[in-house]
Amino acid sequence: MTAWQWIVGLLLGLGGIVLAVAKADLEDPDVYRWLARKLIYRAALRLPRGERARWREESIRDVLDLPGRLPPLLWALDTYVRSRRWARMRGAPSRWQALVARLRAAWRRLRSLPEERARARSKERHPALSTQAQVEVEAEVAQVVATAGDATVTVWPPRRRPLPAGWRDGMPHLSDREFVSWLAQERQAFNDDVDRRVVAWRQSKVCRQAEAWRQHRA
Amino acid sequence: MADPPRMTMNVLKVLRVLLEDPTAERYGLEVGLAAGLRGGSLYPVFGRLEDAGLVTSQWEDADPSEAARPRRRLYRLTTEGVEYARQALAEAQQDLTFREQHTPGWGRTAGFPAPGGAGA
Chain A
16 MTAWQWIVGL LLGLGGIVLA VAKADLEDPD VYRWLARKLI YRAALRLPRG ERARWREESI
76 RDVLDLPGRL PPLLWALDTY VRSRRWARMR GAPSRWQALV ARLRAAWRRL RSLPEERARA
136 RSKERHPALS TQAQVEVEAE VAQVVATAGD ATVTVWPPRR RPLPAGWRDG MPHLSDREFV
196 SWLAQERQAF NDDVDRRVVA WRQSKVCRQA EAWRQHRA
Chain B
7 MADPPRMTMN VLKVLRVLLE DPTAERYGLE VGLAAGLRGG SLYPVFGRLE DAGLVTSQWE
67 DADPSEAARP RRRLYRLTTE GVEYARQALA EAQQDLTFRE QHTPGWGRTA GFPAPGGAGA
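The listed protein sequences derive, respectively, from chains A and B.
Reading the first sequence from the start, the letters are residues 16 to 233 in the working numbering.
Reading the second sequence from the start, the letters are residues 7 to 126 in the working numbering.
Bound-form chain A, shown alone:
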């Protein structure tokens, strides 16, 4: 046997199975009622939203009361075929009116895209909270701290100017231990002062960014 014969035989076998299943289903009266119910549901979907439930329930009850296989199906088919005109009588828009309304809505949405984008932008996070802003702040803080390491330029308190050589000579009353303790206190005060200035600078930067953001939104 050739490949084509195998394929045709396989298709014929599958077709036979499908036909047998379909025949068995069509002998079942529930299939007709199921089809009728589906048609009624589809017909009711064309009606205005507020009236769908009532007419759907009533139609289904009438269909279920009909005896036999085909009468319910024909009743439902008739309801479905005429449902579009019925829906127009009940105030639903026609197919063309619905299409025109849909096209108009799409056109309006297209026209309002810039506004939607502006609205989306306004919902973005505050720039000061963005990752890039945080990175910039950290970088500038690191730079400030590095500059402050010279203890001369930016963050050195004016009242703590570098003392001239031999400055300790003016403090003979301090022993070595007391001098080390004083030096530690001075270093701690210096570090605290640097931290305080960094925090103040960071707060001022955030405030400036917030002000710029407010002006941008305005």
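If you're looking for bench data, these hints aren't it; they were derived computationally from the structure.
All C-beta atoms, glycine included, are put in the ideal place defined by N, C-alpha and C.
Possibly wrong hints are sitting among the right ones.
Unchecked claim - If you only want the chain A side, here are some residues facing chain B, beta carbon under 10 Å, derived:
1) Glu-66
2) Asp-77
3) Val-78
4) Leu-79
5) Leu-81
6) Ala-91
7) Leu-92
Since the structure of chain A is already known, use the hints to place chain B on it.
Then chain B, alone, in the frame of chain A:
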């Protein structure tokens, strides 16, 4: 009464069936079978008659488990509906009689010429 419905043949058929016993409540399938209408023609007519106030409807009170069937929607002519239906059917009957008298063969199926007509 609200705006009267457009008087079509289907409306007249339904009114005639409901007018057989104006006090009785009938459900849609019963009216449809008696009037020779199916769902696609019957429900729009009921909707129009209800909007015009000629017909009222309500769900059946029967318990579905006791009745062994789902509840039905029952229709009944209102007082105005009875008067309107009688008048409309009488007018339709007069109109039909007038047309029959002045247009021989009117209402017959196309292809069957009127007896004694010019084309016969």
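Hints and how they fare:
no.	hint	in the structure
1	Glu-66	holds, 8 Å
2	Asp-77	holds, 4 Å
3	Val-78	holds, 8 Å
4	Leu-79	holds, 6 Å
5	Leu-81	holds, 7 Å
6	Ala-91	holds, 7 Å
7	Leu-92	holds, 8 Å
Checked against the numbered hints given earlier, the structure satisfies every one of them.
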